[in-house]
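S.K.: Spelled out, the chains give:
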Amino acid sequence: MIIYPGPLILGFLLGFVLGTRIKENPQSKLKFDASVYVVFLIVALIVAYFLGPLPYYVDAPLASGFVACAVGIIFGKLLFGRNLTPSQIKE
Amino acid sequence: MSTILKIFVFPAAMVIMCLGVLTILGGHITPGGGFQGGSMIAAGFIFCLIVYGLKESPFHLSHDFLAAIESIGALGFVLLGVAGLIFSGFYLYNLGVDLYGIIPTFLKNIFDYPDPIHAGIIPYLNFVVGLKVMVGLSAVVITFLGFREFEENQEEAQE
Numbered sequence: 038m039i040i041y042p043g044p045l046i047l048g049f050l051l052g053f054v055l056g057t058r059i060k061e062n063p064q065s066k067l068k069f070d071a072s073v074y075v076v077f078l079i080v081a082l083i084v085a086y087f088l089g090p091l092p093y094y095v096d097a098p099l100a101s102g103f104v105a106c107a108v109g110i111i112f113g114k115l116l117f118g119r120n121l122t123p124s125q126i127k128e
Numbered sequence: 012m013s014t015i016l017k018i019f020v021f022p023a024a025m026v027i028m029c030l031g032v033l034t035i036l037g038g039h040i041t042p043g044g045g046f047q048g049g050s051m052i053a054a055g056f057i058f059c060l061i062v063y064g065l066k067e068s069p070f071h072l073s074h075d076f077l078a079a080i081e082s083i084g085a086l087g088f089v090l091l092g093v094a095g096l097i098f099s100g101f102y103l104y105n106l107g108v109d110l111y112g113i114i115p116t117f118l119k120n121i122f123d124y125p126d127p128i129h130a131g132i133i134p135y136l137n138f139v140v141g142l143k144v145m146v147g148l149s150a151v152v153i154t155f156l157g158f159r160e161f162e163e164n165q166e167e168a169q170e
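Quick mapping for you: the protein sequence lines, in order, are chains A and B.
The working numbering applies: residue 38 is where the first sequence begins, and numbers increase by one.
The working numbering applies: residue 12 is where the second sequence begins, and numbers increase by one.
Everything labelled a hint here was simulated from the structure, so no lab data went into it.
Do not take every clue at face value.
As the list claims (entries may be wrong) - Subject to a maximum C-alpha distance of 20 Å in a straight line, what follows is the list of computed SDA-like cross-link-like pairs (lysine to any residue):
# : chain 1 : residue 1 : chain 2 : residue 2
1 : B       : LYS17     : B       : PHE58
2 : B       : LYS119    : B       : VAL108
3 : A       : LYS68     : B       : ALA23
4 : B       : LYS66     : A       : LEU67
These numbers were taken from a predicted model, which means no experiment stands behind them.
Kindly produce the complete structure, drawing on both the sequences and the hints.
M.R.: Structure follows, in structure tokens:
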């Protein structure tokens with residue numbers, strides 16, 4: 038199986054940057070727990086499968102950049118996506 | 012906004028953002044590119060901002076973050092262009108493809124984009140343009156929402 042690192046790395050990087058921005062407001066009534074991210078990952082895999090690989094790509098039967106971005110979002114959220122502090126909320 | 016929207020919009024926004032990233036990544040072989048993909052990612056942010064509001068949005072874009080990503084996008088584009096100018100004499104010369112055969116092979120390998128097309132610096136340019144457009148469009152909506160809140164607060168204070 039051929040692996041093309043280009044879309045995987047760039048997709049993961051962009052997803053990671055987006056994931057680090059997920060910072061929930063603790064004063065809000067809205068709570069997004071782990072189930073939201075599990076549902077998102079499952080939906081992302083289904084969408085990637087139906088999108089198919091980009092033209093000329095023969096690496097996998099799904100859009101590898103799309104999956105890399107979804108994984109990057111979750112990694113970014115887990116590593117840096119902490120809840121907002123009171124000072125950040127004031128800003 | 013209704014509860015259904017509040018439950019649905021956050022995961023949907025993440026899927027929209029992934030589609031935007033895919034549009035950026037396929038910019039050199041399919042319709043799309045940095046601007047279109049960046050707009051789609053910004054649309055995901057804006058979707059959340061409109062439904063949840065500026066304070067409760069799960070995506071928090073601080074001023075520092077917007078400034079940093081905007082600068083990285085602009086600098087990345089300029090630096091890729093200047094690299095072409097330095098090594099080949101042409102601004103924005105595609106060092107990863109080297110159509111004129113004027114640069115050393117190791118430089119060509121460094122700027123090569125590892126996929127079946129080997130499009131050189133084009134995907135990297137799409138990437139940095141995507142970053143810049145993403146924060147640019149998001150900043151406009153954040154500013155409008157911020158002004159609106161400011162006006163509302165001022166009216167309340169006057170009353």
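S.K.: Which numbered hints does this structure break?
M.R.: Every hint satisfied by this model.
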